[in-house]
Amino acid sequence: MYNFTPVSAMLGGLIIGVSVVLFFYTTGRLAGISGIFANTISSKTNRSSNFLFLLGLVLGPLIYFYTTKVPANFKITDSLMLIIIGGLLVGLGTRMCGGCTSGHGICGISRISIRSMVATITFIITGMITVFILQQFGIYK
Amino acid sequence: MSEKLFSLLSGIIFGIGLVISGMTNPEKVIGFLSLTYNWDASLIFVMGGAIVVTAPVFFILKNKTSSSLGLEIKLPQKKDLDKNLLLGSSLFGIGWGLVGLCPGPAISSIAFFEPITVIFLVSMVVGILINKYI
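Sequences listed follow chains Z and H, in order.
The numbers in my numbering rise by one with no breaks, and the one at position 121 of the first sequence is 121.
Numbers given in my numbering equal positions in the second sequence, counted from 1, plus 141.
Bound conformation, chain H alone (with noise of 0.2 Å):
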């Protein structure tokens, strides 16, 4: 129970942090991509800041074997720059620069009632079904 409370509650505060950082705006995120001109540096200010955060807390407990709750602590092991790590950044990084999305802004941009990030998040659905499936 108190795990799914703990989910819940940790969504609420990162959608509350996006809205703040300015991310869930797509405009803004492209004015970050775009280098040349007019470039908006905020998004290295929001990554920042979150690492601040999170980098000594990681490091502190990078031994601990299980969860204040008594949940397992499964950590990504993969050390090897493969094939797929490449390709797939650099396909999330056109479909970013298409649209100024990507998956946290996305879901929470349903908040904004904008039909048509329904229909970003539908093709995000499809592109990891053609991961799964093909």
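So here's chain Z without its partners, still in its complex pose (with noise of 0.2 Å):
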């Protein structure tokens, strides 16, 4: 298997974990970042709260390559097409479906929700089939 990485995704799941749990502790919401981002955009309710989270989505990576220096790796598709109708893509489903990788992924399968398996799966499985069609055009190898 190439560039897998078991030990610091664990390691970064349960620091993910954490999260989640302290967020729904104090404030009892869940930390679905898709919802989080949505509301901070265009809804009042706990608007300068939920700022402040994905501020500190920003903040948690800086804090973490300034502390540690290890090197940023980050390598993404030079196609503007690609991310602008990925960007479109992940905005628009993930609101219509209530939830992307944190909402349903983590939240709602630990609360065993259906829905939540069920978009997990499915969101999982359309990813796959488009990575392999842009394989086949070269894009991705």
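No lab work stands behind these hints, which were simulated from the structure alone.
One or more of the hints may lead you astray.
What the hints assert, rightly or not - Listed below are the simulated PhoX-like cross-link pairs for lysine-lysine, each with C-alpha atoms no more than 25 Å apart in a straight line:
1. 44/Z x 224/H
2. 215/H x 273/H
3. 203/H x 219/H
4. 203/H x 145/H
5. 44/Z x 219/H
6. 205/H x 215/H
7. 44/Z x 215/H
8. 224/H x 205/H
9. 219/H x 273/H
10. 75/Z x 141/Z
11. 273/H x 44/Z
12. 220/H x 145/H
Please read these numbers as outputs of a predicted model, since none were measured by experiment.
Could you fit the two chains together into a complex? Lean on the hints.
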């Protein structure tokens, strides 16, 4: 298996779990990021705490890189068309289905929500089909 | 006040978890979605690691009606598998596969100072507004 990093993945996952628990325990809300992002834009309810959560999402990596001096790995497509269509579909799709990898994939599954399990399986499958098709055109290796 | 403080703190911890997990790198997410070629299963371990922590806590707290700060607990009540759930998650998956970014890493990616991720975020906002107004 190529580039497989189970230990750091698991450690990162555990830390994400701690964040979801802390957020729920203190605020009573689920840390579904597409929802927090959309509400920050379009709803006055909890706007400042939603914004601060998102600010934390940016500060976390900055603090991590600043303190550990670990080089940042970031490789993304340079195709503007993929970026724009991808962003549109992620915004539209997550709001239609009411969650993303965090809201459905983590919060929903751990609450044993059938809706979230179906959503998670669906977006993983359509994501895999999309990458498969792009690979046929040589876009991803 | 403490609600805001804990929101910021939760976001910081989430962001650190994301970057340690490797999921802030779109290449790694594409590797997970590339089932037929050099598949990288790491993302399953990220979700699994998170769920190991969250599932027992949600189970223990399932009957609580207010948080430790005295705020009302509001949980999703929908149960039915409707058209929007299936269509929305399908579209999200396609967008996710095109770029390798989902909402969390897309926001955290601001920390990498890559201008192209700002274009992704703006497109995401347009997608959110399309859903809201159309």
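A quick look at each hint next to the structure:
Proximity of residue 44/Z to residue 224/H is assessed by CA-CA distance (about 28 Å); at most 25 Å being required, the pair is judged violated. Annotation: proposed proximity of residue 215/H to residue 273/H holds, straight-line Cα distance about 21 Å (limit 25 Å). A distance of roughly 16 Å separates the Cα atoms of residue 203/H and residue 219/H; the hinted pair therefore holds under the 25 Å criterion. Our distance criterion of 25 Å between C-alpha atoms is met by residue 203/H and residue 145/H, whose separation comes to about 23 Å.
For the proposed pair residue 44/Z and residue 219/H, the alpha carbon gap of about 23 Å is at most 25 Å, so the pair holds. Annotation: proposed proximity of residue 205/H to residue 215/H holds, straight-line Cα distance about 10 Å (limit 25 Å). The suggested pairing of residue 44/Z with residue 215/H holds, with an alpha-carbon distance near 17 Å, which does not exceed 25 Å. A threshold of 25 Å between alpha carbons decides the hint, and for residue 224/H with residue 205/H the separation of about 31 Å lies outside it, so the pair is violated.
Our distance criterion of 25 Å between C-alpha atoms is met by residue 219/H and residue 273/H, whose separation comes to about 19 Å. With a C-alpha separation of about 13 Å, the suggested pairing of residue 75/Z with residue 141/Z holds against the 25 Å cut-off. For the proposed pair residue 273/H and residue 44/Z, the alpha carbon gap of about 15 Å is at most 25 Å, so the pair holds. Simply put, residue 220/H and residue 145/H have alpha-carbon atoms about 31 Å apart, too far for the 25 Å limit, and the pair is violated.
The structure fails hints 1, 8, 12 (numbered hints given earlier, in ascending order).
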